[in-house]
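K.L.:
Here's the letter readout for the chains.
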Amino acid sequence: MGRYRLGDIVRMTRKSLSITQEQLSDEICSVETLSRIENGSQNPSRDVYELLMERMGRIRDRAYSLLSVSDLKVLEQMKLFEDNIRQYEFGHAEAVIKDIMNSTGNSVLDKQFIIRAENLVNFYQKRISADEYLNDFEKAIRLTIPKYGTISLANWPLSYNEAVLLINISVAYSEKKDLNMAINIIKDAYSAVKQSYMEEQQRAIMQVTIANNLSKWYGLIGNHEEAIITANEGVRICKKYKIGNVLPHLIYGIAWNQEQLIALDVPPYNKKDCINNLKKAYYLASAMRLSYVEQFIKEHIIQNYDTVIE
Amino acid sequence: MEKNFELSNNKIGAAIQYFRESYGITQGKLCKGLCSVATLSRIEAGERDADSLLLETLLERLGRMPNQFELILTDFDYLIYVNRDEIKNQIQEQNLEKAEQLILEYEHITASKGNAHLQFIVYSKALMNELQGGEVKDTINLLMEAISYTVPDFKTHNIKDYYLSSGELGIIIEIIQRMISAGIIDDAKVILGQVLEYLELQASSEEINHIYTKVTMIASKLYMQEDNIEMAQEMCNKGLEKSTGSRKLDYLGALFYIKAKTTEELLKKNGSWDASNKECIKNYMQAYHIYNFCEEQAEADMIKKHLQEEYQWADID
Numbered sequence: 001m002g003r004y005r006l007g008d009i010v011r012m013t014r015k016s017l018s019i020t021q022e023q024l025s026d027e028i029c030s031v032e033t034l035s036r037i038e039n040g041s042q043n044p045s046r047d048v049y050e051l052l053m054e055r056m057g058r059i060r061d062r063a064y065s066l067l068s069v070s071d072l073k074v075l076e077q078m079k080l081f082e083d084n085i086r087q088y089e090f091g092h093a094e095a096v097i098k099d100i101m102n103s104t105g106n107s108v109l110d111k112q113f114i115i116r117a118e119n120l121v122n123f124y125q126k127r128i129s130a131d132e133y134l135n136d137f138e139k140a141i142r143l144t145i146p147k148y149g150t151i152s153l154a155n156w157p158l159s160y161n162e163a164v165l166l167i168n169i170s171v172a173y174s175e176k177k178d179l180n181m182a183i184n185i186i187k188d189a190y191s192a193v194k195q196s197y198m199e200e201q202q203r204a205i206m207q208v209t210i211a212n213n214l215s216k217w218y219g220l221i222g223n224h225e226e227a228i229i230t231a232n233e234g235v236r237i238c239k240k241y242k243i244g245n246v247l248p249h250l251i252y253g254i255a256w257n258q259e260q261l262i263a264l265d266v267p268p269y270n271k272k273d274c275i276n277n278l279k280k281a282y283y284l285a286s287a288m289r290l291s292y293v294e295q296f297i298k299e300h301i302i303q304n305y306d307t308v309i310e
Numbered sequence: 001m002e003k004n005f006e007l008s009n010n011k012i013g014a015a016i017q018y019f020r021e022s023y024g025i026t027q028g029k030l031c032k033g034l035c036s037v038a039t040l041s042r043i044e045a046g047e048r049d050a051d052s053l054l055l056e057t058l059l060e061r062l063g064r065m066p067n068q069f070e071l072i073l074t075d076f077d078y079l080i081y082v083n084r085d086e087i088k089n090q091i092q093e094q095n096l097e098k099a100e101q102l103i104l105e106y107e108h109i110t111a112s113k114g115n116a117h118l119q120f121i122v123y124s125k126a127l128m129n130e131l132q133g134g135e136v137k138d139t140i141n142l143l144m145e146a147i148s149y150t151v152p153d154f155k156t157h158n159i160k161d162y163y164l165s166s167g168e169l170g171i172i173i174e175i176i177q178r179m180i181s182a183g184i185i186d187d188a189k190v191i192l193g194q195v196l197e198y199l200e201l202q203a204s205s206e207e208i209n210h211i212y213t214k215v216t217m218i219a220s221k222l223y224m225q226e227d228n229i230e231m232a233q234e235m236c237n238k239g240l241e242k243s244t245g246s247r248k249l250d251y252l253g254a255l256f257y258i259k260a261k262t263t264e265e266l267l268k269k270n271g272s273w274d275a276s277n278k279e280c281i282k283n284y285m286q287a288y289h290i291y292n293f294c295e296e297q298a299e300a301d302m303i304k305k306h307l308q309e310e311y312q313w314a315d316i317d
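So the protein sequences, as listed, match chains A and B. Per the working numbering, the first sequence starts with residue 1, numbered consecutively. Per the working numbering, the second sequence starts with residue 1, numbered consecutively.
Just so you know, the hints here were simulated from the structure itself, not pulled from any lab data. The model shown is predicted, which means the values in this text are computed figures rather than measured ones. Accuracy of the hints is not assured; some may be wrong.
Straight-line C-alpha distance at most 30 Å; calculated DSSO-like pairs for lysine-lysine [unchecked claim]:
(1) 216/A x 139/A
(2) 304/B x 271/A
(3) 79/A x 139/A
(4) 278/B x 272/A
(5) 304/B x 73/A
(6) 137/B x 113/B
(7) 176/A x 139/A
(8) 15/A x 98/B
Pairwise CB distance ranges (calculated) [stated by the list, open to error]:
(9) 98/A x 302/B: 38 to 44 Å
(10) 88/A x 111/B: 53 to 59 Å
(11) 85/B x 150/A: 53 to 59 Å
(12) 225/A x 270/B: 26 to 32 Å
Beta carbons: idealized from backbone N, C-alpha and C, even for Gly.
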């Protein structure tokens, strides 16, 4: 009979990542419990098992050997929700949340997902304030990181979902116009993501997204040097993993911050650097078929440089 | 959902059945070349332990990627998983002697373990042949042998009767590329046509679209070589269309370059080209910036030179 020993999966995965039982179990269960789970003398609860695997970067909806058909359906709907949000289909997204709530179990990860999902929809539909928006994200992250807010997360072994939540939280601070808090939180997330056990491609996409937000906020508080350094880091990751969709934003950000420094008479940039970057960003945006960004940069060039770009 | 689920029944069978049925695929079609229908039935019912490579290939044929280690049931399975990984690493590092020895051992311990393993072995041998400087024809023959283990009538039948894993598609694409470099163009075209047809029938997903972009790039380059400008452009347009919305930059440099070049050639042919053609310049510039960013300098320089000479376009960077 096809039976799985979850302990074996945990042990093999942990060893392949070369992490200790102490590092893996921190704040999820005791080392003794993990040890018993791994040697098969204790059954993990669903929550403990899922949290351990999340921390090791396993993707929840790829855990086919453990998921029942109803779990698979819920995970497919969670995906559908994210797609709807990305396309600004908030009505559809809300209907999907209702379906999920009717069929989901009550695992910690399910609860965390639902709080985050409802919060996103409510905010985009302008039903709640930025303060409430922030509060609910913080409530969600405390489900898996109870110490959130009292410790630095810069060295925390963040899971993918937790990193997404930290980005959400930092965006909520920026909505409240508290850019310094937004920067502090996303900086911690940035450092944590670098050392996390996420799957390589997922981590790269996450790093690029974070670098783009962080660079934007540095620029807005007038720290243009940091903004340029951060955006360049994002560009380097884009190059390594051939990621194109955030690249035009990053390069545009570099040009914009260079323009600000020139206006302040701070060396070493000149107009030629800016226009070159703007053109690069323009052609890359059009190659990635990001027509909104393409148009935006084109107008920026016309207004500021008196040139027309083809 | 149960609280404790250690040692619960293996649910992988239910997952395979669920995906298979939601896509309306018959058992026969899913497991063709991989295992018998009876075996698939027992796997779906959770009545038998299956080899992790077989489970992985079945899931991949359904467009799913499993987590690492998750399908491994036995110590033996774990051992050969580690061996496969080691063989791939040694080949990548070009430690040919070590790789050869590991492949031999793998062949020995997985004898009679099924076609997916035979495919892995012969595929590895094909890569080895190439690294050792062997004939392209031999590499092609080995790749053909490898694919034929799980797509048994590959040489005589259209692949559209199969559901293929990304690994299987990868081998077929490698065959096409080797055939083109060996000048076996007619055969390469037949397979190219089949792969494109197959991919067009699949539901759109990030992975399928990414493979499709690659295949259209190979096809449009081939048509360019043959001066078949119309077909080159058609392929290129298809690739650009499917890559819209993708996160990745791969293959886009070549596609925009061919788009520019074919547009230019077609306009020249009917006498309506002139050096201020904005569409061509824009496509060349898109290609230029992607090549430049990806540090493919030779391609970037070629475009720069072409723009300067043909378009008197000095405004590059």
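K.L.:
All hints are to be evaluated individually against the structure, with a verdict given for each.
P.N.:
Hint by hint, here is what the structure shows:
1. 216/A x 139/A: 26 Å, holds
2. 304/B x 271/A: Given that 30 Å is the threshold and the Cα spacing comes to 22 Å, the pair holds.
3. 79/A x 139/A: Judged against 30 Å, a Cα distance of about 22 Å means the pair holds.
4. 278/B x 272/A: 23 Å, holds
5. 304/B x 73/A: Roughly 52 Å between the alpha carbons, so the hint for residue 304/B and residue 73/A is violated.
6. 137/B x 113/B: 28 Å, holds
7. 176/A x 139/A: 17 Å, holds
8. 15/A x 98/B: 24 Å, holds
9. 98/A x 302/B: 38 to 44 Å: 56 Å, violated
10. 88/A x 111/B: 53 to 59 Å: 56 Å, holds
11. 85/B x 150/A: 53 to 59 Å: 41 Å, violated
12. 225/A x 270/B: 26 to 32 Å: 54 Å, violated
Hint compliance for this structure: hints 5, 9, 11 and 12 are broken, all remaining hints hold.
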